[in-house]
Amino acid sequence: MRRSAIGGNAIALSLLACAVLLAFGLGRFPVGPGDLGRLLWSGLSGQPSGLPSQIETVIWNIRGPRVLAALLCGAALAVAGTAFQGLFRNPLVSPDILGASSGAALGAVLGIYLSLGLFAIQLSAFLGGLVAVGAVYAVGSTIRRGDPVLVLVLTGVVVGSLLGAGIGLVKYWADPYNQLPAMTFWLLGSLAGTSKADLLPLLGPVLLGSAALVALRWRMNAMSLPEEEAQALGLRTGPLRLAIVVAATLVTAASVAAAGIIGWVGLVVPHLARFLVGPDFGRLVPTAAVLGGGYLLVIDTLARTAGPVETPLGILTAVIGTPFFIWLLASSRGGWS
Amino acid sequence: MSLSAADLAYGYRERLIGRDIALSLARGEVLALLGPNGSGKTTLLKTLLGLLPARGGSLTLDERPLSALSPPERARALGYVPQAHAGTFAFTVLSVVLMGRSAHGGLFAAPSRRDHAVAHAMLERLGIDRLAQRPYTLISGGERQLALIARALAQEPAYVILDEPTASLDFGNQGRVMSEIRRLAAEGLGVLFTTHDPNQALRHADRVMMIRDGQALASGPASTLLTPERLEQLYRVPIETVRGDDGRVAFLPG
Numbered sequence: 001m002r003r004s005a006i007g008g009n010a011i012a013l014s015l016l017a018c019a020v021l022l023a024f025g026l027g028r029f030p031v032g033p034g035d036l037g038r039l040l041w042s043g044l045s046g047q048p049s050g051l052p053s054q055i056e057t058v059i060w061n062i063r064g065p066r067v068l069a070a071l072l073c074g075a076a077l078a079v080a081g082t083a084f085q086g087l088f089r090n091p092l093v094s095p096d097i098l099g100a101s102s103g104a105a106l107g108a109v110l111g112i113y114l115s116l117g118l119f120a121i122q123l124s125a126f127l128g129g130l131v132a133v134g135a136v137y138a139v140g141s142t143i144r145r146g147d148p149v150l151v152l153v154l155t156g157v158v159v160g161s162l163l164g165a166g167i168g169l170v171k172y173w174a175d176p177y178n179q180l181p182a183m184t185f186w187l188l189g190s191l192a193g194t195s196k197a198d199l200l201p202l203l204g205p206v207l208l209g210s211a212a213l214v215a216l217r218w219r220m221n222a223m224s225l226p227e228e229e230a231q232a233l234g235l236r237t238g239p240l241r242l243a244i245v246v247a248a249t250l251v252t253a254a255s256v257a258a259a260g261i262i263g264w265v266g267l268v269v270p271h272l273a274r275f276l277v278g279p280d281f282g283r284l285v286p287t288a289a290v291l292g293g294g295y296l297l298v299i300d301t302l303a304r305t306a307g308p309v310e311t312p313l314g315i316l317t318a319v320i321g322t323p324f325f326i327w328l329l330a331s332s333r334g335g336w337s
Numbered sequence: 001m002s003l004s005a006a007d008l009a010y011g012y013r014e015r016l017i018g019r020d021i022a023l024s025l026a027r028g029e030v031l032a033l034l035g036p037n038g039s040g041k042t043t044l045l046k047t048l049l050g051l052l053p054a055r056g057g058s059l060t061l062d063e064r065p066l067s068a069l070s071p072p073e074r075a076r077a078l079g080y081v082p083q084a085h086a087g088t089f090a091f092t093v094l095s096v097v098l099m100g101r102s103a104h105g106g107l108f109a110a111p112s113r114r115d116h117a118v119a120h121a122m123l124e125r126l127g128i129d130r131l132a133q134r135p136y137t138l139i140s141g142g143e144r145q146l147a148l149i150a151r152a153l154a155q156e157p158a159y160v161i162l163d164e165p166t167a168s169l170d171f172g173n174q175g176r177v178m179s180e181i182r183r184l185a186a187e188g189l190g191v192l193f194t195t196h197d198p199n200q201a202l203r204h205a206d207r208v209m210m211i212r213d214g215q216a217l218a219s220g221p222a223s224t225l226l227t228p229e230r231l232e233q234l235y236r237v238p239i240e241t242v243r244g245d246d247g248r249v250a251f252l253p254g
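Chains as they are written, first to last, in my numbering: chain S, 1 to 337; chain Y, 1 to 254.
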């Protein structure tokens with residue numbers, strides 16, 4: 001491993017640590033590093049922590065789950081985005097390119113429109129994402145002309161805009177006083193009110209999908225070559241592509257189901273990670289996971305502390321992501337290094 | 001031990017490109033494929049590499065049907081050098097060559113110590129080990145072509161198939177790549193390359209096959225097959241022949 005890769009990962013890990021300390025340290029009940037350490041120790045050893053029970057509740061039931069959700073969603077979206085940028089040989093691709101987000105969004109607004117419970121809305125969002133990508137993949141596979149990767153992307157874009165029309169229709173039908181604000185809030189993304197109960201359903205698909213992507217990362221280099229070159233190097237491109245798409249869709253749909261639509265993380269973080277450790281996917285994927293978790297956690301901390309009311313995550317990721325991305329474009333040495 | 005095609009028909013599901021191709025590439029031999037633009041050379045290469053299924057006839061690799069081999073088995077026998085392109089991501093030259101080891105490791109495996117050793121050995125063999133940590137996107141066209149040859153050699157194949165290896169290279173790099181091809185054959189690899197330059201075939205290939213409209217016009221030893229008459233028939237332009245005092249010839253088109 002090159003020295004620069006070690007340095008890059010050290011930077012990523014320290015940023016993550018800062019993000020975690022910041023997240024606990026800011027808010028109506030600030031929790032310092034000392035208190036946090038004492039609480040963790042008491043959780044491990046079973047000894048009383050000596051902290052006020054109010055603080056303990058804040059950490060275990062409110063801020064802790066929210067921090068964990070931000071880390072999980074951020075890491076998962078960044079890993080999925082990294083994998084998709086390689087798979088589709090395009091650095092401007094994000095994990096929702098095949099319609100995972102739009103499908104999940106349609107599932108969620110339908111759930112809200114039908115006045116379902118929170119868990120049912122999340123389930124409907126998750127299934128919506130899977131069904132959308134499944135449909136895109138099925139349609140893309142029946143078209144045998146041309147480059148399969150290009151066909152898949154184009155099908156994704158077209159199906160995505162159809163789903164967008166569906167979302168618009170449901171919003172148009174919705175009750176403008178109760179349902180429409182809920183839909184708008186959900187479409188902009190938020191981790192507010194994340195509880196321990198919300199974490200469990202998120203954990204399964206996110207860990208499964210991320211683990212698969214991390215395990216396959218050494219094959220992603222060759223998968224980013226033109227189809228026939230990858231095949232000539234001995235890769236079974238069809239099954240590999242399906243595996244990457246399924247894994248990335250699992251994590252994206254689960255994240256959207258838990259937190260609404262959070263754009264930009266899957267697009268920007270892979271570039272930031274490439275900036276630190278270079279484009280080789282073997283090193284890139286773990287670094288992107290660390291950075292993605294930290295990035296979304298910082299955004300979420302801002303979302304909950306920067307104003308008198310919560311700012312939606314989607315707004316903040318765009319406001320921070322846009323100038324950052326422009327800076328990255330201007331300073332990149334060409335060839336997405 | 002050879003890569004052999006008999007009565008081979010090739011092309012796509014909806015359109016046959018060529019047929020009646022008979023071809024045999026032995027280890028240690030250089031075969032050049034000549035043909036005008038659009039004659040079906042690239043599609044034939046893809047078929048010989050097993051990337052496109054044969055539409056008819058037989059295609060065998062060391063006496064086994066090519067279609068019976070798994071993709072990794074194929075990649076360990078047949079190295080492919082495509083025409084150089086810049087690519088999307090700025091991988092280091094070493095990373096590019098390591099991709100040639102894909103068929104030697106498991107699905108989840110990181111490049112092993114041996115993979116790194118082979119990659120470095122191939123870079124050294126082609127004289128570009130000093131480029132190992134340079135971004136592949138920022139090196140010259142000639143260096144890219146050499147890096148792609150190193151990647152194909154890292155597959156440790158018995159045969160190497162090159163698609164117009166000198167198409168975008170300057171005069172010096174053309175010479176460099178062609179001598180490298182000769183050297184590979186001398187070390188026991190079977191080499192097949194396509195080219196638009198009959199002089200290259202005459203100078204560096206043992207045997208030549210001429211194809212036009214997906215059909216073999218002629219094939220045989222380079223020195224006897226490459227005549228002005230045959231080339232006029234192949235390219236449909238007048239060919240001028242230049243003769244040196246030592247009896248060697250070169251062809252000029254038009």
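Source of the hints: derived by calculation from the structure; they are not laboratory data. Treat the hints loosely; a few may be bogus.
Unchecked claim - Lysine to aspartate or glutamate pairs mimicking EDC-like chemistry, simulated, CA-CA at most 20 Å apart: (1) Y:46 with S:147; (2) Y:46 with Y:73; (3) Y:46 with Y:7; (4) Y:46 with S:56; (5) Y:46 with S:227; (6) Y:46 with Y:20; (7) Y:46 with Y:14; (8) Y:46 with Y:62; (9) S:196 with S:56.
Note that the coordinates shown come from a computational prediction; the quantities given were computed from them, not determined experimentally.
**Report entry** Pairwise hint evaluation, residue 7 of chain Y against residue 46 of chain Y, where the allowed Cα distance is 20 Å at most
**Finding:** Judged against 20 Å, a Cα distance of about 17 Å means the pair holds.
Query - 20 Å limit on alpha-carbon distance, applied to hinted pair residue 46 of chain Y and residue 14 of chain Y - result: Within the cut-off at roughly 16 Å; holds.
Requested in this report: Starting from residue 46 of chain Y, check that the Cα of residue 20 of chain Y is at most 20 Å away, please.
Outcome: holds, 16 Å
Query raised in the report: Given the proposed pairing of residue 46 of chain Y with residue 227 of chain S, does the C-alpha separation stay at or below 20 Å?
Result: holds, 12 Å
Query raised in the report: Between residue 46 of chain Y and residue 56 of chain S, does the CA-CA distance stay at or below 20 Å?
Result: violated, 65 Å
Query raised in the report: Between residue 46 of chain Y and residue 62 of chain Y, does the CA-CA distance stay at or below 20 Å?
Result: holds, 18 Å
**Report entry** Satisfaction of hint between residue 73 of chain Y and residue 46 of chain Y, Cα-Cα up to 20 Å
**Finding:** holds, 16 Å
Requested in this report: Would you mind confirming whether the straight-line C-alpha gap from residue 46 of chain Y to residue 147 of chain S stays at or under 20 Å?
Outcome: Given pair residue 46 of chain Y, residue 147 of chain S holds - Cα atoms ~15 Å apart, limit 20 Å.
Query raised in the report: Would the pair residue 196 of chain S and residue 56 of chain S pass a check requiring their Cα atoms to be no farther apart than 20 Å?
Result: holds, 14 Å
Comparing the model with each numbered hint stated earlier shows that hint 4 is the single one that does not hold.
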